[in-house]
Amino acid sequence: MSERLADGVGVARAEHFETVAQQREAATLGIWAWLITELLLFSALFLVALITRIQHPEATVAAAKHLKFWIGATNTVVLICSSLTMSMAIEFSRMGWQRAMVRAMLATAALGGLFLVLKGYEYYADWDEHMMPFLSNRPFALAETPAARLFVNLYYVATLLHALHLFTGIALLLGMTWMAAKAGFLSRHQNWIEVYGLYWHFIDLVWILAFPILYVVNR
Amino acid sequence: MSASGSIGGTARREPHAPEATIGRKADYLHAESTLRSWFLTTDHKRIALLYLASITGFFVIGALAAGVVRLALIVPNGAIMANDTYNKAFTIHGVVMVWFFLIPSIPATFGNFLIPLMIGAKDLAFPKLNLTSWYVFMAGALFTLVSVVLGGVDTGWTFYAPLSTAFSNTWVLPALIGVTIVGFSPILTGLNFVVTIHTMRAPGMTWFKLPIFVWAHYATSLIFLLATPVITTALILLIMERAFHIGVFDPAYGGDPVLFQHLFWFYSHPAVYIMVLPGMGVISEIVPAFAQKKLFGYRFVAYASIGLASVTFFVWGHHMFVNGQSDLASLVFSALSFAVAVPSAVKVYNWTATIHKGALRLDTPMLYAMGYIGLFVLGGLTGLYLATLAINQHIHATYFVVAHFHYIMVGGTVLAFLGGLHFWWPKFTGRMYSEPWGRVSALLIFLGFNVTFFPQFILGYLGMPRRYATYPAEFQLLNVLSSAGATILAAGYLFPMLYLVYSLWFGRKAPANPWNAKGLEWETSSPPPTHNFLSPPEVPRIPYDYPIQAQESRDQHG
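So the protein sequences, as listed, match chains A and B.
Residue numbering for the first sequence follows my numbering, beginning at 1 and increasing consecutively.
Residue numbering for the second sequence follows my numbering, beginning at 220 and increasing consecutively.
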């Protein structure tokens, strides 16, 4: 890989690295290590949700039936599409098609935004159905089953944490798109797009794990 | 016969002989001197010193809180301070010492400073991330201290639910948020170390030429990466529960308090090895240098680091023997806890074998290392008592536990920290410290530590519970003894703070390699230049290439 091209594709070598290959290797390993920690952050929540299901199947199914399956399913599709556009952005960046890359990144951010809007609507519907047990002014619809309350609480923590990641991801993506739209970006920082792409796919992956665990199992 | 020749010193590998000192302009301390150049630095050595200064500050805060606790326990009836104040004092002590001193101590200071030097790299893989981790650490730690200023926390450093979520009416929330933020700092540091050790080694620096210090930090970094996210989850859940009543721990919200203990100890047991493993790395550098002998069983010591890091993930249940977990689970966790002894013992035996028939020099770092080995053995062996189900029923949550984990965490971390600080002080600062004062303080700390904590084993065995502000009058003698020991210990801690700072201006200029030690960090000047090496370092033929080689060759040829 060339070190630096005026208008081409490449990575500018930072001072403390000996070669660009070393720099790329470090960046890739670094993002994978970070993603493992992120996965563990969520996995504790998912594990507890699964154990709750196994120990209290009836209460959790009753609670899970209140979740808006079709919104969740639509959101799954939305995120998978956003992963596709992100992959396209990476492919375009490798080919040096800067304009197409920027468009694909904007599309990715838009799909991420759509997810958040749908999620927000879902929370509103939950509120409407008295499915927010932590609001003392709106008595919980399934009050007599503590396990249902535990499951619903886990659902809120897990989805809020995911939404927070998605929100941060969109903000980072827009910031990077702004930089990537400038001339010469691809000749210096092509690997940023690759590294960021892995993070976006990870957000997608977490949802793909969350959706069956929270919405689908035993439905 | 070449091995026998090496004993006579004829075939002794001459150090790469770098310049003892370099121009002031070139060394990393003096290259730039603006405040900005320190607080926006990306040089791993300067960041290490930022950490060193901050954790020393936190150590002082934690030590003062410990002093308050020991003061309160001089009398049995709690006459010196209110129970509430006592609870807040031991909570501050625990929170500050565990989260803001012990966990970052060796990795964030020595690890940051030495890993790139030891592997022959110019810097860590992600210098900006390294600086970020210091700011994250400081932000979180200061946020937590705000809760202390506002009025304190009384939950203990473990934040057990539902006390922390529903019943405590102190400033739990800012403390929780601060600790959660601090948690990201070791994740970033560990990530940086793993990537650096994988990708930044100098040509020829293979895995089995790495110093044990680097192996230990590699193992520690894996724990940082794999355990810390789980405590972050647990703390986020606590915050949600306390602030918004989105609960999973309090039965009132449908939750399960034992679940918190599972999540908490899944991190906090491995965290013990976050504290101990780097200390083991330090000791594995000091012992061969002051015995002038190759580290005995290098590969086994390296494997034992990874072994400890792995086993430690499977023993968290031994913190829950008496909370109603199933007998089968307790049995399994008990058996696995015993397994921790194996890699720990491997290390102790290897250090002992290294010392055996070495050319011993009892300078300050070596005194700390010997003290470390003694305290670690006692702490480790009492861990076996606690892992035994029947004995655990008797001594659970007593001062026996307090004594045990202080032997491991203070004996195992603070002594290694101080030993390492003296060992690498010439490299950090370019100055020598006062050797007589160093020896005096090492002996004072060892003495003070044992007088403080050994009586606590007896107190615990006799049944004095931990975390109580009052106790039956018959325990007073041992408690007074313990508090007296804490005074000696405090003096021992105070001396290094004075003579080390004094040496910064008035100490003798340090040569590049004052201990005649091996390892790439000694092949550059003291202090090193900004990019660590003026010319690419020569990677040694074998690790720990000291004049005295393995025992067998000595017996064969000698």
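Bear in mind the hints are in silico, worked out from the structure with no lab data behind them.
Note that the structure is a prediction, hence the values are computed from the model and not measured.
One or more hints might be untrue.
As the list claims (entries may be wrong) - 20 Å max Cα-Cα, derived DMTMM-like pairs, lysine to aspartate or glutamate:
#, chain 1, residue 1, chain 2, residue 2
1, B, 347, A, 15
2, B, 341, A, 25
3, B, 347, A, 122
4, B, 341, A, 126
Starting from the hint list further up, note which numbers the structure goes against and sort them upward. Numbers 3 and 4 - these are the hints that the structure violates, sorted from lowest upward.
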